[in-house]
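Q: Sequence:
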Amino acid sequence: MATLDSQLHATTQVHCSGKSHSSYWWIHKFIPKIISYCILSIALLAVIFPLVWVFLTSIKPRTLAYRIPPAWSFTPTLENYAALLNKYPFPHHFLNSIIVASSTTILGLILGSLAAYSFARFNTGGNFLQGWVFNNRTMPPIAVAIPIFLLANALGLIDTYIGLIAAYLSFSLPFIIWMLIGFFEEVPREMEEAAMVDGATRLQVLRHITIPLTAPGIAATGILNFLFAWNEFLFALLLTGNNTRTLPITIANFLTKRGVEIGELCAATTVVIIPVMLLAFSIRGYLVKGLSYGGIK
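Numbering (my numbering), first residue to last: 1 to 297.
These aren't lab readings, by the way, just hints derived from the structure by calculation.
Distance ranges between label pairs, derived from CB positions: (1) Phe49 - Ser102: 27 to 33 Å; (2) Gln204 - Ile142: 39 to 45 Å; (3) Gly259 - Asn231: 21 to 27 Å.
Heads up, the beta-carbon is just placed ideally off N, CA and C, and yes, glycines get one too.
Construct all of the structure, not just a fragment, from the sequences and the given hints.
A: Put into structure tokens, the structure is as follows:
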């Protein structure tokens with residue numbers, strides 16, 4: 001009888017131990033996932049909610065745009081968007097931003113690709129020149145804002161596309177070179193040497209082999225550079241006038257002595273966000289591959 005009781009007790013302990021182990025396994029498997037999803041949901045909400053609030057405010061009647069707490073039930077209107085076209089030279093400033101950001105990105109990628117390839121393959125200038133380029137990348141723009149303004153003023157480049165694009169390139173080029181050097185170094189030298197044995201020049205190798213292989217990284221670098229030029233405020237404030245004013249300065253002008261034109265401000269912000277979202281969406285595959293490739297590298 002005692003032996004039977006001992007066996008039953010042992011069986012019960014094993015069964016309870018199995019249940020405990022099963023519960024412990026479930027906790028270790030699912031609890032971290034639940035916590036991760038909660039954190040991601042909170043982060044997503046923190047990003048999405050301001051965008052939704054800005055868009056809803058842009059289509060609210062002006063009488064409701066200032067209401068606190070916000071009015072969530074209203075009849076949508078486009079009067080704020082109409083004001084952008086009728087009261088302000090918004091289309092002209094939008095075109096200025098497109099020209100400046102696109103030119104900065106295209107020129108930066110062309111010059112930066114050549115410089116980065118030179119550093120990656122020939123170690124041009126040695127460590128000193130590369131270190132100088134990388135140090136420029138860390139320089140705060142405010143530190144050179146006044147010298148750049150005085151230089152642009154002396155050369156007659158105030159309120160010109162050339163002056164603004166040149167100022168942007170002085171800061172975007174070090175970043176582009178720094179990004180692309182790593183991508184170019186990952187391309188096997190043997191592939192380039194084989195092409196040159198077949199008669200290809202160094203520029204042909206760069207164009208037909210190196211750049212196609214590093215296209216995701218170049219695309220990711222390009223969109224990050226476009227975002228920098230699209231959102232830049234300090235040099236746009238110093239170097240532009242009525243002819244070349246860009247959207248960040250235009251949006252800042254909605255803060256007037258009479259208050260904030262909140263409806264028009266949100267409408268302008270929505271218009272500014274759309275091109276960047278479309279650009280990122282159109283090349284999202286390249287962007288993800290490029291950033292992932294850079295992370296693996």
